[in-house]
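Undergrad: Order-wise, the sequence lines are chains A and B.
Just so we're on the same page, my numbering is the position in the first sequence counted from 1, plus 284.
Just so we're on the same page, my numbering is the position in the second sequence counted from 1, plus 14.
Please note: incorrect hints may appear among the correct ones.
[Unchecked claim] Computed list of lysine-lysine pairs in DSSO-like fashion (alpha-carbon distance at most 30 Å, straight line):
#, chain 1, residue 1, chain 2, residue 2
1, A, K341, B, K85
2, B, K56, A, K341
3, B, K72, B, K56
4, B, K56, A, K285
[To be verified] To be clear about the criterion: a stretch of chain A counts as covered by chain B if any three or more of its residues have a C-beta under 8 Å from a C-beta of chain B, and this derived list gives those stretches:
#, region
5, 331 to 344
6, 388 to 395
It should be emphasised that the hints constitute simulated quantities derived from the structure, not laboratory data.
For glycine and all other residues, C-beta sits at the position ideal for the given N, C-alpha and C.
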Amino acid sequence: KAGVTQTPRYLIKTRGQQVTLSCSPISGHRSVSWYQQTPGQGLQFLFEYFSETQRNKGNFPGRFSGRQFSNSRSEMNVSTLELGDSALYLCASSDRTGPYEQYFGPGTRLTVT
Amino acid sequence: QQQVKQSPQSLIVQKGGISIINCAYENTAFDYFPWYQQFPGKGPALLIAIRPDVSEKKEGRFTISFNKSAKQFSLHIMDSQPGDSATYFCAATGNQFYFGTGTSLTVIP
Chain A
285 KAGVTQTPRY LIKTRGQQVT LSCSPISGHR SVSWYQQTPG QGLQFLFEYF
335 SETQRNKGNF PGRFSGRQFS NSRSEMNVST LELGDSALYL CASSDRTGPY
385 EQYFGPGTRL TVT
Chain B
15 QQQVKQSPQS LIVQKGGISI INCAYENTAF DYFPWYQQFP GKGPALLIAI
65 RPDVSEKKEG RFTISFNKSA KQFSLHIMDS QPGDSATYFC AATGNQFYFG
115 TGTSLTVIP
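The task is simple: from the sequences and hints, build the whole structure.
TA: Laid out in structure tokens, this is it:
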């Protein structure tokens, strides 16, 4: 099976802009979670989608949003970008929601200037 | 508030030695404890995981030891190899994943 894919892999944006990141889960997986990884804060949970419904949400401002489509592909949007949003954004998929194995994609490296 | 505390932050081990990384948690509702390995420029890869009804799980050179009463778990890498040099993250999960801050492991040839 193909792994989790994320596009684009690298992105440079300017403060105030918005950005949309895409994630395609492993075939058959219906749960997609998003994480932000930074050197200072480590891996932080953003949100989880399962069967097009947001199941859990981390402690991030409303500028961070997401959605999941009927084919389980997911998008994450960040509006009004700030310098502190520069990070590696990781997507992980699982075949079920809850405490089960998650498989990560390679991430999208976002740089905000 | 850090839900999962991981130590040490960095670790240097000789080839063939044992690498030990420790994690501690507070929430007794956590019921799944995975370890991930991450190489530079890559996403974390699931290495091994354990549930709290088991005290130890071994897969090849990797072993998780789990102490439910102490709310601690650790990763042991036996016969450490230079190819094991990476960042390791522990995690604990109930309804969402909480990750430790990571341990940068360097295995010296």
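Undergrad: Could you run down the list of hints and mark each one as holding or not?
TA: Results of checking the hints against the structure:
Under the criterion of a C-alpha separation no larger than 30 Å, the hint pairing A:K341 with B:K85 is consistent with the structure, at around 25 Å. Between B:K56 and A:K341 the CA atoms are separated by roughly 24 Å; this keeps the pair inside 30 Å, and the hint holds. At roughly 25 Å between alpha-carbon atoms, B:K72 and B:K56 fall within 30 Å of each other, so this suggested pair holds. A C-alpha spacing of about 18 Å is found between B:K56 and A:K285, which places the hinted pair at or below 30 Å, so the restraint holds.
Coverage of the region 331 to 344 of chain A by chain B holds. Counting CB-CB distances below 8 Å, 4 residues qualify, and the rule asks for three or more. Counting residues of the region 388 to 395 of chain A whose C-beta sits closer than 8 Å to any C-beta of chain B gives 4, which meets the bar of three, so the coverage hint holds.
The structure meets every hint from the earlier list without exception.
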